[in-house]
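Visitor: Here is what each chain is made of, one letter per residue.
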Amino acid sequence: MDPNLIMLLTIFALAVFVGFEIITKVPPTLHTPLMSGSNAISGITLVGAVLSMNQSHPVITGILAFLAVALATINVVGGYLVTHRMLSMFKRKG
Amino acid sequence: MSLAYREALLNLIYLAVSILFIFGIKGLTHPRTAVRGNLISAVAMLLAVLGTLVLKQVVGLWVILAGLVVGSAVGAYLALTVQMTAMPQLVALFNGFGGGASVLVAWAALIEAVKSAAPDVLSAAADAGVATTSVAGGYQMGVATAASGLIGAVTFWGSLVAYAKLEELEQFKKPVSLPYHQWINAGLFVLTLLLGAWISANPASTASAWMYLPLVLVASVLGVTLVIPIGGADMPVVIALLNSYSGLAAAATGFVINNNVLIISGSLVGASGIILTQIMCKAMNRSLTHVLFGKLGPTGNTATADEVYGGKVKATTAEEVAMLLEGARRVVIVPGYGMAVSQAQAAVRDLYNVLESRGTQVEFAIHPVAGRMPGHMNVLLAEVNIPYEKLQEMDAINPTFEQTDVAIVLGANDVVNPDARTNPQSPIAGMPILDVDKARTVVVVKRSLSPGFAGIPNPLFAMDNTLMYFADGKQAILDLVSAVKQL
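In the order they appear, the protein sequences are chains Y and W.
Going by this note's numbering, the first residue of the first sequence is number 1, and it counts up by one from there.
Going by this note's numbering, the first residue of the second sequence is number 1001, and it counts up by one from there.
If you are wondering where the hints come from, they were derived from the structure by calculation, not from laboratory data.
In this text, all values refer to a predicted model and were calculated from it rather than measured experimentally.
Note that CB positions come from ideal geometry on N, CA and C, so glycine has one too.
Treat the hints loosely; a few may be bogus.
Heads up, simulated DSS-like pairs for lysine-lysine below, C-alpha to C-alpha not over 27 angstroms straight-line [as the list claims (entries may be wrong)]:
#1 W:K1485 x Y:K25
#2 W:K1312 x W:K1282
#3 W:K1282 x Y:K25
#4 Y:K25 x W:K1026
#5 W:K1390 x W:K1312
#6 W:K1314 x W:K1056
Covered by chain W, per the in silico footprint, the following chain Y stretches (three or more residues, Cβ under 8 angstroms) [said to hold, decoys possible]:
#7 10–18
#8 31–38
#9 42–53
#10 65–75
#11 78–87
What follows is a set of in silico ranges between Cβ atoms, one per label pair, in the way DEER data are often shown [what the hints assert, rightly or not]:
#12 W:T1304 x Y:L14: 48 to 56 angstroms
#13 Y:V59 x W:W1183: 23 to 31 angstroms
#14 Y:S88 x W:A1396: 19 to 27 angstroms
#15 Y:S88 x W:L1050: 34 to 42 angstroms
#16 Y:P27 x W:K1485: 43 to 51 angstroms
#17 W:T1304 x Y:I63: 54 to 62 angstroms
#18 Y:P3 x W:L1012: 17 to 25 angstroms
#19 Y:L14 x W:P1399: 37 to 45 angstroms
#20 Y:A13 x W:A1086: 52 to 60 angstroms
#21 Y:V59 x W:R1447: 19 to 27 angstroms
#22 Y:P27 x W:W1210: 43 to 51 angstroms
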């Protein structure tokens, strides 16, 4: 097996464990913000989208890249903003 | 800067970004650090995108920038204009978009891999001394692309169906079950696996790039058929699960383009989504398999509505409830999805204020799955400035119902059905409920005696200490507020 792939699988497995470990005892009030906030993080695919256009098929990958970037950006920008809106409602009365 | 140097720098930035995401998610799990956590994670995202734009040779920069501008404008508009009651649908929609983006990125990478694998390109690149491609090679490429396409498409279409259900679009209101529904799902899933296996066995071939289309198509149908039979009250579980999927789709895309930060962030989200899903399932005493594949409904052993309610239901009026409240020292309000539907949260706040100003202690009992997404009721009550410490979790408030003079159930049904506790034959037997029936008097605000999501009658409505206040949620509470003020 390709050593690079093994490296990536290692990172993947460890990150899953970290994910399980950091979410413990979340108060119900934060369920929705946690969900929409982590949802925004899943928009990280935006980094891939930014790189997805290539010279060899500029038209087709250009269309794919534009759509991917737009969708992922909606996810990212919308996700963070809406989470912030919710959290600032909670914060108002401390 | 040389190419290798820039690559190294970018990977260090990605490492910093991953660490910041971990701090960000961690921060989101505590009320005091939540705002900061969200900001940390947003800054990390910005860093990742800017670093990539600056340090990588981005092809078609204007196309990318146009996408960023359009996406930011649409995202910001949706996020800033949404009503708090419509939050579940919006989260579902954003979630679907993330999954959709992963599908497209993986496809573009597959197309690039096909071209890069062509011998003339490889030799030309070797002559020029540059790296040909950043995408993965061989089987990793094939398997990862197939996984991205499958999970991403299921997330996208599943989320859109969830959106339609939450938005209560006419065609999607009711759970739809096809004949042999589970077999159809299983068949579709096997088909996606076969298509995925074919792509994995023939990575970087032109045929694979085309075969990706039927894979995404079948996975899209699967996304629809998976979510369409699931009823509204199970939506918290479905949304949490789809959230997890969108993370996994991003992680799979990370394997496609050999990108650590996608793998790490995607798996963090995947894992946290699974945990939320488990919390939701536990709150309903159902397994995930049962939510996804089982149907909830009356069994032969449950009593019919007539047997339960026959002649025992007492209707009440705003004036009568107001008099009850006047003598009450402790009132507990139990909100449910009905409060969101009738937009009654502001009226509830008025009721809370008027009762508290008269010296009555008022608390809110929040069932973990009340509403249509995890924490739905908390968001709505926070919107109208109900103090955080007035919202009590199920385990904390249940022992206090016996000292409660009046419990007001507003648009909740199955989560206050005592059958869950007392009748082992009931389809909801064992589900943790709010013990409102132990309060001295229970006032249930409801339009009619129609059953809740579980489709079973609720013996609470016929109990001696229960009064039914038949009305629209918002109007009922408004009338109640003016009745209390007139006392």
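Visitor: Going through the numbered hints above, which ones does this structure break? Give me the numbers in ascending order.
Guide: Failing hints, ascending: 1, 2, 5, 6, 13, 15, 16, 20 and 21.
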